[in-house]
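Participant: Residue numbers (our numbering), protein chains in the order written: chain A, 1 to 274; chain B, 1 to 274.
Just so you know, the hints here were simulated from the structure itself, not pulled from any lab data.
Don't be surprised by glycine CBs; every beta carbon is placed ideally from N, CA and C.
Incorrect hints may appear among the rest.
As the list claims (entries may be wrong) - What the simulated footprint calls covered on chain A by chain B, stretch by stretch (three residues with Cβ under 8 angstroms from a Cβ of chain B suffice, anywhere in the stretch; the number is not a length):
1) 41 to 52
2) 75 to 85
3) 94 to 108
4) 139 to 146
5) 165 to 172
6) 176 to 183
Number of protein chains: 2
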Amino acid sequence: MKLKKAHRLAAIAKILSDNPNKILTFNYFAERFFSAKSTISSDISSIKAIFDEQKLGRVITIPGAAGGVKYIPTIYKDECITFLNSLCERLSSKERILPGRFLYLIDLIYDPFVVEKIGKIFASIVNYSEADYLVTIETKGIPMAIMTAKIMNLPLLIIRKNTKISEGPSINITYVTGKNNSKIQTMSLPIKSIKKGSKVIILDDFMRGGGTIKGMHDLMKEFSVEVITSIVIIATQEPEIKKIHNYEYLISLEEQDGKNILKPSSKIISQLES
Amino acid sequence: MKLKKAHRLAAIAKILSDNPNKILTFNYFAERFFSAKSTISSDISSIKAIFDEQKLGRVITIPGAAGGVKYIPTIYKDECITFLNSLCERLSSKERILPGRFLYLIDLIYDPFVVEKIGKIFASIVNYSEADYLVTIETKGIPMAIMTAKIMNLPLLIIRKNTKISEGPSINITYVTGKNNSKIQTMSLPIKSIKKGSKVIILDDFMRGGGTIKGMHDLMKEFSVEVITSIVIIATQEPEIKKIHNYEYLISLEEQDGKNILKPSSKIISQLES
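Chain A on its own, in the form it takes in the complex:
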């Protein structure tokens, strides 16, 4: 059955929304809706205009034989400011401070809508066009990492703290974390999980000294894999000098007189579209 324009637009919007960063051909839609390609082309222009106008994300068309249409999830400046401010407010509560000044985060970073928004911000500020994989380390960053992977249309790798019998041969390294490098830990990744020469983006939930992310960099080196950049949700202001240089964070955490001061990164916000 041939569809009316309004119905085609609704269906196309839904299908694009379900398939971020995938190229869908005009032919695919033309066959699905028994329409001419020129009709689909005009539909896509309408979708693009309405997504722009309603701030629902970017829609781009790719010309040529392998061409089609691609939906790119985007967060806009106002939405991001509102979201990060509310996250900072919730994180500032005194009840979240645990012995050793650890921050209780799991109600937020296991919330699917919070981590999806975080993924959208990451996708809006990082250039992932050359990335082959996202890489995180177990456990707390995994929900955010898989949501980001969905948005960027990339596979995820999860580094384990120990060799696992269900993951086959692995490369393991040791790394140091904690104050004065006091803690030595191991991390492990299956050999066949990643191709030599790949490019990756590293994700984690929290960074203090940067020891864990430095370890992930070192592990990637053993796989001859290039790290494009690293992104974390929260980075502490102290120590100012981290073990890694090229990274982005969404929220900074400063400890003042036993209180936590959390602020959205102004660099991140300045990069976003209004």
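Fit chain B to the given chain A structure using the hints.
Facilitator: Quick look at chain B alone, frame taken from chain A:
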């Protein structure tokens, strides 16, 4: 600016798609698009019809003061059969069998589109209307669990194998797994992560004897939390008698002459809408 019907439908389809299992009021759309509520009501009817016709999921309207419209992600029978058959085929490869007959799964269960489809199947076969949380145990099931949480609009809890300094006071239990109950392990959940009297659905990637899921049941009992049901991606045929009774699985795994035979659960498929 007032929108044309076709543009409103595209925007509504996109917004519903981004907010599974959330009730969005007609007022929200009426204000956003400067339209009358009656116009929005007729738009929603069109969306419902086109989603049904194109098998894009269910759209239901909820009457009354707290009413509105809700999009419920759904997988249909044909799509599910195709997906599970292709998953079984990929899982049957001999190269996936590791020493100790463990199955190499991580390229599939860390793939955001695979785990999202799995989440859609879970949401199509399990009644989650009374659930307050989804619960999984680290690590391999987390990507699938957070995707399911997004689809069901529920928060996720992740049980850890050990007490964590960044998660506050916890309840820990021991549980037994492995052949002849040969392995004793611990699992841990922060006390303040879940409210007494809640109802949960347990998720995991793989079940052999059911020891881990039995452990999760026992842990939930310590929190005075009721388990509605348990769902896993793969369940082995042997041992036939598991440590838990009330569970669902997507794929069964049978070992025959050193080969793995993987089959989609016919019970699951029979429950799906055509």
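Participant: Where does the structure disagree with the numbered hints, that is, which hint numbers, in rising order?
Facilitator: 2 and 6
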